[in-house]
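Here's the letter readout for the chains.
There are 2 protein chains.
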Amino acid sequence: MKLTPEQVEFFHREGWLFLPELFSQEEVDFLAREAVAIYDADRPEVWREKSGAPRTAFAAHLYNEAFGVLGAHPRMIDPIEQLFGEKVYMHQFKINAKAAFTGDVWQWHQDYGTWKRDDGMPEPRAMNIAIFLDEVMPINGPLMLVPQSQTAGDLKASHDLETTSYPLWTLDEETVTRLVKQGGIVAPTGKPGGMLMFHGNLVHGSSGNITPYPRKIVYLTLNAVSNYIRTPTRPDYIAHRDFTPIQTVADDALLRLARAPRQAAE
Amino acid sequence: MKLTPEQVEFFHREGWLFLPELFSQEEVDFLAREAVAIYDADRPEVWREKSGAPRTAFAAHLYNEAFGVLGAHPRMIDPIEQLFGEKVYMHQFKINAKAAFTGDVWQWHQDYGTWKRDDGMPEPRAMNIAIFLDEVMPINGPLMLVPQSQTAGDLKASHDLETTSYPLWTLDEETVTRLVKQGGIVAPTGKPGGMLMFHGNLVHGSSGNITPYPRKIVYLTLNAVSNYIRTPTRPDYIAHRDFTPIQTVADDALLRLARAPRQAAE
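Here the protein sequences line up with chains A and B, keeping their order.
Take the first sequence: its position 64, counting from 1, is numbered 64 in full-length UniProt numbering, and each next residue is one higher.
Take the second sequence: its position 64, counting from 1, is numbered 64 in full-length UniProt numbering, and each next residue is one higher.
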């Protein structure tokens, strides 16, 4: 799994890159089933919308075998190491639900601002990854990105504790309007199994979802090992303290696990 | 302006029909400017979101000349008379803002339920019309329609007084899921000037808008004259009592008005 020179150039200019159908339907069906079981569990790592619907589940790679394998998958890890020129570790791992009918918005924000302010991350040398577990459509709250906005650096933000159940450092309307005038908005869509990667300073957000189509994505952050966080303040299931470089699994590891006979849980 | 037999057949089967770029850019630019002036006015007909941003302006055709001309425009009226086989009158006339950044959702609903319950309209022989004043994109809260759902008749609904600032008879998730399984969802998009028409029993809704792109539409209802409302309960700026058949203006009336020298208002 190597990015082409054109893909590398596109990423550095636009701040994002989409690899459609990177994982197979069978691999993703398996992950989607596991995700539903995780949402059904009553764990502190599972955060909910004001409506009670699941919003995000943190750190599932640490307590679920399927997501553990995904978190070390070479199809995901290799391109990021190629772009950073060094090994990476898992800084954050979430499964974002954007539930049918009640999935709430994520206001416009950059992620690196939070990593810097709350976690003490020195540089924006961490990559956001979204892996589609459901089909992402224009109408079920796709991630919206403002291309080239990563060049604006770390923008002034306000801590929004009101709009949704999740506290977020959000950007003001004037800033977003100015950046969208320059770069527009893209909302990559596609079948389950697609992988979207984008720069830690890229401005992004997503609308609510009132459709009957859930839009689950794995949303994780791979940080360059040399860029490990210095002064974490958030719980370690949100901002991980294990800076060990990820050792990738075999390319067929997820598929083999999906096909393995399961031990009866009852 | 005549619909083709194919368009008539499509409408009766699917419950909706979209006519892209029915009004010219110059005509629509004129209307869009007038709409902003209407939203800026402090009138009881202008309803606002919880955020204070405009949500909808009622009855602008009665106090604004440009929208008065639009309300009698043959490009809009003729196709509806053709489908109903009789003259029509204006039952309701709104300009829906779906403001940039803060435009709120319209939950899944049918309109005829409200017309029947609140206005005493005998039959669903009234047509919903949406005329795009801004570009409607997948990402700025387009109307979403459930094709063929008009055949489900008048569905059980609950009065939602909480979700938004606008009271609405909304459908439950099971009903919407079932109808979407049958008919899917379409979200017609396009340049300003497009006109979308759909059946009074067609299930529809729209997501919020967090983009910097406003999505203003004129959203009006033309009722067959014989189907006039019998027992109105809502204010007459919401459910009109003037059942006079609309006499259409000349096809170039809106354009001539847009180009007319304006009297200084100051």
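Hints were generated in silico from the structure; no laboratory data involved.
We treat Cβ as the ideally placed atom computed from N, Cα and C, and that holds for glycine.
Incorrect hints may appear among the rest.
[Unchecked claim] Sample of chain B residues facing chain A (criterion: CB under 10 Å; computed from the structure):
1) A32
2) Q107
3) Y213
4) S226
- Looking back at the hints listed earlier, which ones does the structure fail to meet? Numbers 1, 4, in rising order.
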